[in-house]
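Chemist: One-letter residues, chain by chain:
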Amino acid sequence: MALLEVENLRAGYGSVPVLHGVSLNVEEGSNAVLLGLNGAGKSTTLMTLAGLLPATGGEIRYDGKPLTGSPGARVRAGIVLVPEGRLVFPALTVKQNLRLGAWTIRRDARRVRRNLQEVYQIFPRLEERADQTAGTLSGGEQQMLAIGRGMMSSPRLLLIDEASLGLSPKLTEQVFAAVKLINQRGVTVLMVEQNAGVLAQADTAFVMQQGRVTITGSGSETLADDVVRAAYLGV
Amino acid sequence: MGAFLALGLFQGAVYGLLAVGIVLVYKAKRVFNFAQGEFGGVAAFTAFAIVVGAGLPYWVGVVGGLAAAVAMGLIVERVIVRPLESSSRTIMLVALVGVALFTIAIIVLLGQPIPRVMPPLISGGGVNILGAGILPQQLILMAVLAVLAAAMAWFFKTDMGLAVLASSQDTRAAQVVGISPVAVSRLVWGMAALLGGIAGLLYAPVGIFTPGFMTLTMLVPAFAAAVLGGMTSLPGAFIGGLAIGVVQNLGIYYLGQQLKVPGAAELGVFALLMLVLLIRPQGLLGKEA
Chain Y
1 MALLEVENLR AGYGSVPVLH GVSLNVEEGS NAVLLGLNGA GKSTTLMTLA GLLPATGGEI
61 RYDGKPLTGS PGARVRAGIV LVPEGRLVFP ALTVKQNLRL GAWTIRRDAR RVRRNLQEVY
121 QIFPRLEERA DQTAGTLSGG EQQMLAIGRG MMSSPRLLLI DEASLGLSPK LTEQVFAAVK
181 LINQRGVTVL MVEQNAGVLA QADTAFVMQQ GRVTITGSGS ETLADDVVRA AYLGV
Chain W
1 MGAFLALGLF QGAVYGLLAV GIVLVYKAKR VFNFAQGEFG GVAAFTAFAI VVGAGLPYWV
61 GVVGGLAAAV AMGLIVERVI VRPLESSSRT IMLVALVGVA LFTIAIIVLL GQPIPRVMPP
121 LISGGGVNIL GAGILPQQLI LMAVLAVLAA AMAWFFKTDM GLAVLASSQD TRAAQVVGIS
181 PVAVSRLVWG MAALLGGIAG LLYAPVGIFT PGFMTLTMLV PAFAAAVLGG MTSLPGAFIG
241 GLAIGVVQNL GIYYLGQQLK VPGAAELGVF ALLMLVLLIR PQGLLGKEA
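Chains Y and W supply the protein sequences, listed in that same order. Take the first sequence: its letter number 230 is residue 230 in the UniProt record's numbering, and every next letter is one higher. Take the second sequence: its letter number 222 is residue 222 in the UniProt record's numbering, and every next letter is one higher.
Read the hints as simulated data drawn from the structure, not as lab findings. Glycine is no exception: its CB is placed at the ideal position from the N, C-alpha and C atoms. Keep in mind that a hint or two might mislead.
To be verified - Example chain W residues on the side facing chain Y (calculated, C-beta under 7 Å, incomplete):
#1 T158
#2 D159
#3 Q175
Only chain Y is shown next, with the shape it has when bound in the complex (with noise of 0.2 Å):
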């Protein structure tokens, strides 16, 4: 069954549309990887289902039900976003950090102290850096840190922007291994890459172009599609 069904999705900055008629469907359970080049929309269909820019026209379902409402409802629902640029609290510890992460759960302190558990035995890393400043952090620990961070209220649905953004090959691939073990856990996941690596462990893929949707399919088969190899691998 379908957890977030998007149906020709409109949303744009002030009187700029960016997304003109987005669709797309995420299995529960599945890792989606949304394709697309710099300004293809990518990043501004992840905010408007956060909530974070309200849609213009179309349709959200999630669970079956129309999601609307603030970025906080929504992250009580089970939506988080881990943000475009990690956007971790820079003066903040790791630590106050990942609490912050478990916000709308903050008052069930067992399943807060679980969720960092488990965050850790994730990213064994933020444990050894607990008591340090996020702003601290190399580039990598910080997206490890906002992964954390968006796994502690414990989400259904993880939309992640552009993770491997200004990462090293091997730490890209660290992060991306990373996200595979959450999504083995039962979070389903949906991905913004640039980088057609990642659809070697997608189990859907959708190519965005010019604010739609242009090609929707498995990984394998994505990364086997000629337009997509002259696109994002150059060959």
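Based on the hints, put chain W in the right spot on chain Y.
Modeler: Below, chain W without anything else, positioned relative to chain Y:
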């Protein structure tokens, strides 16, 4: 000289309280809150009306005064700050100057522009500490400050306090984890107003007070204190306030009384501000960038 030092610390603590409120709002909104002084003005006049006007017990005046200040903070947040959220900081600043002037005008209309005397919470003679006569009011101030400092230190370790810090570091990221910017904004303005109210209640009984006394005499030194502390540091703002209070009064003592220099207090403050900004442009406890 001991008396000048004690007076300086007392005045400085009131500047510091206002400065902490100014920094709190600045960190969250990047705006200079020119209405900060009038939170104290409203608290002082409300308490005066309750204690002297209606003859009710002092504690009712204190609670009423602080409640009035917090109510004003929440109204300013809702009616002025939130609608201007996306406009330029200059417009917001001018609007806040307007709030201060409007509040003073309301106080003049409701009361009379005459000087008032607020009785101190505990009257009676001073105690002698290190050769300086310390008034009971000043002892109360010390107790209030100790409690406030502990409360603030505790608050910023709670989830709610962390949410305020997080929101001022990155509003978008705070929204991403589900923190409501509106709730944080209300909380920040409520706290700033409470601090301003406390400053007003502590300062009003010191001498006579007239409408606008907080804005006219306390606001500029409080801004200097906030800048001195680095504009983004709460402890820095308070220490800056103490420093300005002390320098003002030592200036009066050394330059004014002994060397007969006119405007000695202001001279001392400007010299201190210039010196700190030359040596540490980021302020005493401010972080660079």
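Chemist: Decide, hint by hint, whether the structure agrees.
Modeler: Hint check:
1. The interface hint given for T158 of chain W is broken, as the beta carbon of that residue sits about 10 Å from the closest beta carbon of chain Y, more than 7 Å.
2. Interface restraint check for D159 of chain W: the shortest CB-CB distance to chain Y comes to about 5 Å, inside 7 Å, so the restraint holds.
3. Interface hint status for Q175 of chain W: upheld, as the beta-carbon distance to the closest one in chain Y is roughly 5 Å, under 7 Å.
Taken one by one, the earlier hints fail for this structure only at number 1.
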